[in-house]
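Residue numbers (our numbering), protein chains in the order written: chain A, 1 to 147; chain B, 1 to 86.
If you are wondering where the hints come from, they were derived from the structure by calculation, not from laboratory data. Think of the CB as a built atom: it goes at the ideal place given N, C-alpha and C, for glycine as much as any other residue. Don't take every hint at face value.
Claimed, not checked - Residues of chain A clear of chain B, computed beta-carbon distances all greater than 10 Å:
1) Asp4
2) Arg19
3) Ala21
4) Asp25
5) Ala26
6) Glu34
7) Asn37
8) Gln45
9) Asn53
10) Pro75
11) Tyr93
12) Leu104
13) Arg126
14) Thr142
As the list claims (entries may be wrong) - Ranges between beta-carbon positions, derived for each pair:
15) B:Thr15 - A:Gly28: 38 to 44 Å
16) B:Arg44 - A:Val127: 31 to 37 Å
17) A:Arg103 - B:Arg16: 18 to 24 Å
18) B:Ala32 - A:Gly3: 51 to 57 Å
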Amino acid sequence: MAGDNLKGTPTDPQRPHQRGAAQGDAPGGGAANESKNWLIDTGAQISCISQANAAHFRTAPTGATAGGVNGGAMPIVTGVTMVFKVKTDNPAYPGGERNVSCRLPVAVTPSSDILGMDQLGSLGVRVNWDPQHGTGYLYEVTRRARG
Amino acid sequence: MAHEDFVRMLRREVTRGAMRDRQALDLLIQKAHFDARRPEIERRYRNRVVGFVGGRMKVANTVQDVLRYGTRAKLVYFEAIGFDIL
Chain A
1 MAGDNLKGTP TDPQRPHQRG AAQGDAPGGG AANESKNWLI DTGAQISCIS QANAAHFRTA
61 PTGATAGGVN GGAMPIVTGV TMVFKVKTDN PAYPGGERNV SCRLPVAVTP SSDILGMDQL
121 GSLGVRVNWD PQHGTGYLYE VTRRARG
Chain B
1 MAHEDFVRML RREVTRGAMR DRQALDLLIQ KAHFDARRPE IERRYRNRVV GFVGGRMKVA
61 NTVQDVLRYG TRAKLVYFEA IGFDIL
């Protein structure tokens, strides 16, 4: 399989990040595709995009909560597709890696771009992370490989 | 304080065109349903996600599961009981 696809950042070396993308419809029409540095957060039950990033997409409200972090309030929207890379043992991908995408509702936060466990779980993606060295990978195990 | 934060967030969303007035009002009504039953909810549904949509309470294990009860016309107000979703 391919090598690592997660790494720490110079300012946040112990937490896993991956360069991916957010896609959707632009507010003025046409397609929007924004490069994103996702933080993979195993403590997040819902994925998030920042307010500034949400402004690039035509989103629709689906709900909200007043019980966010520190009692903050968060709108939940649809209309954003998160794109990220996973290692795979699927022989259809001889490079050992493929892009996957997920379009679940996301929370809009003041400043965070977070890939949460909702999206990874819905795709059957797992996390391998070494916080000491700041390396790791997202990966999928195909049914054939699971035996 | 959380309620004032919530109202402020709704105003901001309406101002920037991300939400309509009636959707913000709907969410306030759903939150009022939640608040009216808050003591019971916090006693009975620890570690679950509880939402209200169309005046009806919905209980699920995850945020995504409770959001599935919503529609474009009826939004979901929810809280995680006893834990943070982020």
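Results of checking the hints against the structure:
The beta carbon of A:Asp4 is kept farther than 10 Å from every beta carbon of chain B, the shortest such distance being approximately 25 Å. With a cut of 10 Å on Cβ distances, A:Arg19 stays outside the contact zone with chain B, its closest approach being about 21 Å. Every beta carbon of chain B lies more than 10 Å from that of A:Ala21, the smallest distance being close to 21 Å; the non-interface claim holds. The non-interface label for A:Asp25 is consistent with chain B: the shortest C-beta to C-beta separation is roughly 14 Å, beyond 10 Å.
Non-interface status of A:Ala26 relative to chain B is upheld: no Cβ of that chain comes within 10 Å, the nearest being about 14 Å off. Interface exclusion of A:Glu34 from chain B stands, the closest Cβ pair being 17 Å apart, more than 10 Å. Here A:Asn37 stays apart from chain B, with its beta-carbon at least about 17 Å from theirs, past the 10 Å limit. Listed as a non-interface residue, A:Gln45 fails to keep its Cβ farther than 10 Å from every Cβ of chain B; the least gap is roughly 4 Å.
At roughly 13 Å, the least C-beta separation between A:Asn53 and chain B is larger than 10 Å, which holds for a residue marked as non-interface. At the 10 Å boundary, the C-beta of A:Pro75 falls inside the reach of chain B, the nearest C-beta of that chain being 5 Å off. With 10 Å as the threshold on Cβ separation, the claim that A:Tyr93 sits away from chain B holds: the shortest Cβ distance comes to roughly 27 Å. Its beta-carbon lying about 6 Å from the closest one in chain B, A:Leu104 breaks the requirement of being farther than 10 Å from that chain.
Interface exclusion of A:Arg126 from chain B stands, the closest Cβ pair being 18 Å apart, more than 10 Å. Under the 10 Å C-beta cut-off, the non-interface status given to A:Thr142 relative to chain B holds; the minimum distance is some 24 Å. The beta-carbon spacing between B:Thr15 and A:Gly28, approximately 19 Å, falls outside the hinted interval of 38 to 44 Å. Taking 31 to 37 Å as the suggested C-beta distance range, the pair B:Arg44 and A:Val127 conforms, at roughly 33 Å.
Distance hint for A:Arg103 and B:Arg16: a CB-CB separation of about 22 Å, consistent with the stated range 18 to 24 Å. Distance hint check: the CB atoms of B:Ala32 and A:Gly3 are about 52 Å apart, consistent with the given range 51 to 57 Å.
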